[in-house]
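Just so we're aligned, residue 14 is where the sequence shown starts under the numbering used here, counting upward by one.
No lab work stands behind these hints: they were computed from the structure.
Small disclaimer: the values here were computed from a predicted structure and weren't measured.
Note that CB positions come from ideal geometry on N, CA and C, so glycine has one too.
Take the hints with a grain of salt, since some may be wrong.
Simulated restraints, written as ranges between beta carbons of each label pair [claimed, not checked]:
1) A93 to G148: 17 to 25 Å
2) L175 to D128: 31 to 39 Å
3) G148 to G90: 14 to 22 Å
4) G68 to P172: 35 to 43 Å
5) H171 to V34: 31 to 39 Å
6) D37 to D128: 19 to 27 Å
7) G92 to G177: 32 to 40 Å
8) A135 to T17: 20 to 28 Å
9) V162 to E76: 28 to 36 Å
10) G36 to G90: 18 to 26 Å
11) G15 to A180: 29 to 37 Å
12) R133 to R179: 32 to 40 Å
13) R133 to E87: 20 to 28 Å
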Amino acid sequence: MGETRAIDGDFLASSEGVFRVAGDELRYSGLDDAADVSSVGIPHTATAEGLYALGNGWLAILEGGFSVVAADPETAGPGALGRAHAVSSEDGGADGGSDDNGSSDDGSEVYEHVDGNWQRRALPTDDRVVDVAYGKRPYAVTEKGTFLVSDGDEWRTHPLGLRGVRALAIAFR
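With the hints as extra help, turn the sequences into a complete structure.
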């Protein structure tokens with residue numbers, strides 16, 4: 014099964030692809046080298062080759078290397094994705110600098126699922142986004158410890174004072 018990288022619902026992303034719990038077994042579901050997986054609504058997987066959705070097999074949605082995919086369970090339903098985000102690790106342009114399309118100096122781009130389509134979303138930081146989670150709003154965190162909150166139109170930032178961040182967890186009361 015290789016190195017486990019992410020687990021969501023009954024899906025597991027690993028260095029050898031996507032696996033799914035079926036009864037008391039873990040079965041290979043397809044793809045290679047999966048970085049992240051989201052089981053909410055329509056399952057999606059981030060891989061070095063692209064962003065994929067589970068339909069009649071894994072269907073390519075966006076090309077390029079992706080490291081993060083997340084979907085909001087409050088806005089999704091069976092067969093409907095709702096609000097979701099994905100982070101690409103593709104080159105952010107010829108100069109590697111930030112642009113208005115969500116690119117940053119490290120080459121990552123953030124995509125948001127809006128009205129059935131994936132669109133690039135600009136961020137106010139050049140740091141690499143390592144995770145996205147949902148509460149009342151979408152939240153994201155960068156490897157260098159910047160916390161981001163979406164107000165719908167823009168992302169606001171707050172430094173956490175941490176380095177080497179790898180994930181974000183939201184606790185509900």
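Taking the numbered hints from earlier one at a time, note which ones the structure violates and give those numbers from smallest to largest. Hints 6, 8, 11 and 12 not satisfied by this model.
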